[in-house]
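Peer 1: The chain contents come next:
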Amino acid sequence: MMTMTTVITGIAFVAVHLVLAYFVFRYSGRQKAEHVEDNPRLERTLLLITSLLIAIMLVPGLFAYSQVIAKPSDRLVVEVLGEQWRWNYRFPGEDGIFGRTDVRLITSDNVFGIDPADPTGADDIVIVGGPLYLPVNQPVLLQFRSKDVLHNFWVPEFRVKIDAVPGTVTESWFTPTREGTYQAACAEYCGVAHYVMTSEIHVVDAAEFEQWLAALPTVAQAQE
Amino acid sequence: MATPAAAAHAAHEHHEPQSFWRKYVFSLDHKVIGIQYTVTALAVGAIGLVLSWLMRLQLGFPGAVGAVNPTNYYQFMTYHGLIMVVYLQTAILLGGFGNYLIPLMIGARDMAYPTLNMLSYWTYLLSVILLLAGYFVPGGPSGGSWVLYPPQSITAGTPGSGLGITLLLASIAVFVVSATMGGLNYITTVLQMRTRGMTLMRMPLTVWGVFISAVVALLSFPPLFVAGVMLLFDHLLGTSFFIPTVNVLGTVLPHEGGSPLLFQHLFWFFGHPEVYVVILPAMGIISDVMATHARKPIFGYKAMIVSMAAIGVISFIVWAHHMFASGMNPFFGYIFAATTLVVAIPSAMKTYNWLLTLWKGSIRFTTPMLFTIGFVSTFVIGGLTGLFLGNVAVDLPLHDTYFVVGHFHLVMGVSAILAMFAGIYHWFPKVTGRMMNETLGKIHFFVTFLGAYLVFFPMFLMGFQGIPRRYFSFDLVAFAPSGLDAVNAMVTVAALAVGAAQLVFVANIVWSAVRGREADANPWQANTLEWQTPQIRPGHGNWGPKLPEVYRWPYDYSVPGAARDFIPQNEPEVAVVSPAAGPEPEGAGR
Chain S
1 MMTMTTVITG
11 IAFVAVHLVL
21 AYFVFRYSGR
31 QKAEHVEDNP
41 RLERTLLLIT
51 SLLIAIMLVP
61 GLFAYSQVIA
71 KPSDRLVVEV
81 LGEQWRWNYR
91 FPGEDGIFGR
101 TDVRLITSDN
111 VFGIDPADPT
121 GADDIVIVGG
131 PLYLPVNQPV
141 LLQFRSKDVL
151 HNFWVPEFRV
161 KIDAVPGTVT
171 ESWFTPTREG
181 TYQAACAEYC
191 GVAHYVMTSE
201 IHVVDAAEFE
211 QWLAALPTVA
221 QAQE
Chain C
1 MATPAAAAHA
11 AHEHHEPQSF
21 WRKYVFSLDH
31 KVIGIQYTVT
41 ALAVGAIGLV
51 LSWLMRLQLG
61 FPGAVGAVNP
71 TNYYQFMTYH
81 GLIMVVYLQT
91 AILLGGFGNY
101 LIPLMIGARD
111 MAYPTLNMLS
121 YWTYLLSVIL
131 LLAGYFVPGG
141 PSGGSWVLYP
151 PQSITAGTPG
161 SGLGITLLLA
171 SIAVFVVSAT
181 MGGLNYITTV
191 LQMRTRGMTL
201 MRMPLTVWGV
211 FISAVVALLS
221 FPPLFVAGVM
231 LLFDHLLGTS
241 FFIPTVNVLG
251 TVLPHEGGSP
261 LLFQHLFWFF
271 GHPEVYVVIL
281 PAMGIISDVM
291 ATHARKPIFG
301 YKAMIVSMAA
311 IGVISFIVWA
321 HHMFASGMNP
331 FFGYIFAATT
341 LVVAIPSAMK
351 TYNWLLTLWK
361 GSIRFTTPML
371 FTIGFVSTFV
381 IGGLTGLFLG
391 NVAVDLPLHD
401 TYFVVGHFHL
411 VMGVSAILAM
421 FAGIYHWFPK
431 VTGRMMNETL
441 GKIHFFVTFL
451 GAYLVFFPMF
461 LMGFQGIPRR
471 YFSFDLVAFA
481 PSGLDAVNAM
491 VTVAALAVGA
501 AQLVFVANIV
511 WSAVRGREAD
521 ANPWQANTLE
531 WQTPQIRPGH
541 GNWGPKLPEV
551 YRWPYDYSVP
561 GAARDFIPQN
571 EPEVAVVSPA
581 AGPEPEGAGR
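Residue numbers (this note's numbering), protein chains in the order written: chain S, 1 to 224; chain C, 1 to 590.
Source of the hints: derived by calculation from the structure; they are not laboratory data. It cannot be assumed that every hint is accurate.
Interface residues of chain C toward chain S, partial, derived using beta-carbon atoms under 10 Å [as the list claims (entries may be wrong)]: (1) Phe324; (2) Ala337; (3) Lys360; (4) Phe365; (5) Tyr557.
Every residue, glycine too, gets a C-beta built ideally from N, C-alpha and C.
Pulled out of the complex, with its shape left as it was, chain S reads as follows (with noise of 0.2 Å):
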């Protein structure tokens, strides 16, 4: 899509400039211009070609968007929380459900303000800050909150971009095909500390995705 659009878009620039430049210097200091008014049939003729270089790149890109926004099916989910100023991150833990959380309830040592009244909560994993880890060639389903202000993840190499808006739930989903290490930047302006809204994800294989999370504290051992 990217490529198509760019490959259209160039080819219209140049020649739109190579006629300007013909036309420019071609009728300068003439004594002369001619009195011409219109040209319906050429006018008409130009409105179908530009409007098949539209639909051409309209079409497919609304297909790829379809993709771009229907969900996997086997996915590992995972909650991200943007705050002023750093993104936080919380799997569900064994039972695969994530603890009822509360802005009210949020403090220094519970940034995402998770319920303690509620028993799924206590094996939910809390890293603040990141880093995030996750296995290559698992798709993973992301689902943003925001506690303060708008925030939008963006990590250039997954393409995912989508606002963390307070008061509700956003989605992305994207499968990281390449190990290595890899930074999410906030791309939507946040207040004076926007610039260094960072955090770096690794992408590893699915062994040590599983001693990383394995080794991390849940909720109610952390509270211990």
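Please build the complex by placing chain C on the supplied structure of chain S, with the hints as guidance.
Peer 2: Chain C in isolation, oriented as in the chain S frame:
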């Protein structure tokens, strides 16, 4: 006693004012008000320009200017954006050019509501004062970015989230009041005050551009007003229109249930049409200046009007393309991508017609013409890059990167500013009776035009690399390529050069107004009515005792067989000696 002139004058709505204050300050004359708008907007624009230098210095040479820190960087960013889009471009293109040109171009003595017109200017000035007052209150001006997204804009993590944002929102609300008074006036004047023979389809495209723009502005500014007032309520009265339960820097705020997305919908329902509010008058100016200096009718006059109207209508159904990554229902992506790409079609048609206007013309490389040619170039690259951002799947990786910065600066920043300059150089002799200096004008053009490419083209490449916008520093961005610092330094140097070229422009204006070569009555040999006034600098009431009568459209340039290569609109039917003795050429007498 009454001479015919005096009688005609008495019939006119207001008498020629005598005192200095009534004549030059609290004037009801559309020409004075247009100049007041233009001078005020240019002065505020100069502030916006200086703010961009301060930002560029930080980005190009981090730390070199020790006084720039994140707090004032984001305040500069906010003020630069709002000043350039609203207080410079909207004000000068509608309030400046619209006021000065509409009555002269349609053969009216003044605007339909001169008092409302004066109020519109003074209200605009009040909005400017409120805006700049932000710099003189505790906490400083708002650093909420020009889009002012809540909760960020009114919460503690953003500079100026106290009095600063209050003043800013008040200023925006007052500006909308001013723009509404102006817009009603432009529309009424165009519909009601045209002189005899000036049918709608004989109006110059500048008037068409301002007219359609005023309609779009009247329909799109109210949502901004409403959003601003609601945000002010959230901020001052503790309502929760836009703020859900949030914990900002450790404090739970007394809000619950508000929707940050609602603000974005309201803002962009204004914000996208606003782009066209700025660019439509620019398109009109470009069309008229180009036809005059190419000595050719504008190609496809009707198509130009239809495409401007189409752009105006479609502009209202594309707004959420600014929100593809906002977390709104992803289904919207399909609809807004489709409508957005459709708007490219009328825009492309206009571009073709400008090219075809140059085709077989007799191009005069005057300064206004150079700016016009430059406009076509920057409008094309700005428009084409819009095809990336409108197509939702392509947009997502580019959203909020420098690609967007390059795109909107070229298409609505640089293009509209080039049109503004084309208009100023073109109509300066009308306003002052003197020509602007051509050499200085050409220096101004080439540095500005080439500099703009050097500043904004690299931003497309930065955007492809994913470099996010609104960053005070890229030190922590791991994916920033190694050459980024060098590119940023180059961009800053180019931006400073463009800035210096604007000083040349200011010097040219001042020098030419005093010492410039005296202009002929119709120095560009143009057809439109404003050049056919009895005095070079039209007096009160513009036309002397008798209003002009219009016999033809404004584009009778190079009509075969005509004595001269232009036939002003108020020239009666002339016998055209056609060499082929065939039917009379279509253009003559239209």
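Peer 1: All hints, please: hold or fail.
Peer 2: To see whether the hints hold, each was checked on the structure:
The interface hint given for phenylalanine 324(C) is met, as the beta carbon of that residue sits about 9 Å from the closest beta carbon of chain S, less than 10 Å. About 6 Å separates the beta-carbon of alanine 337(C) from the nearest beta-carbon of chain S, less than 10 Å, and the hint is met. Below 10 Å, beta-carbon pairs count as interface contacts, and lysine 360(C) has one with chain S at about 4 Å; its hint therefore holds. Taking 10 Å as the C-beta contact cut-off toward chain S, the hint placing phenylalanine 365(C) at the interface holds, the least distance being around 6 Å.
Given the 10 Å rule on beta carbons, the hint for tyrosine 557(C) holds: about 7 Å separates it from the nearest Cβ of chain S.
Comparing the model with each numbered hint stated earlier shows that all of them hold.
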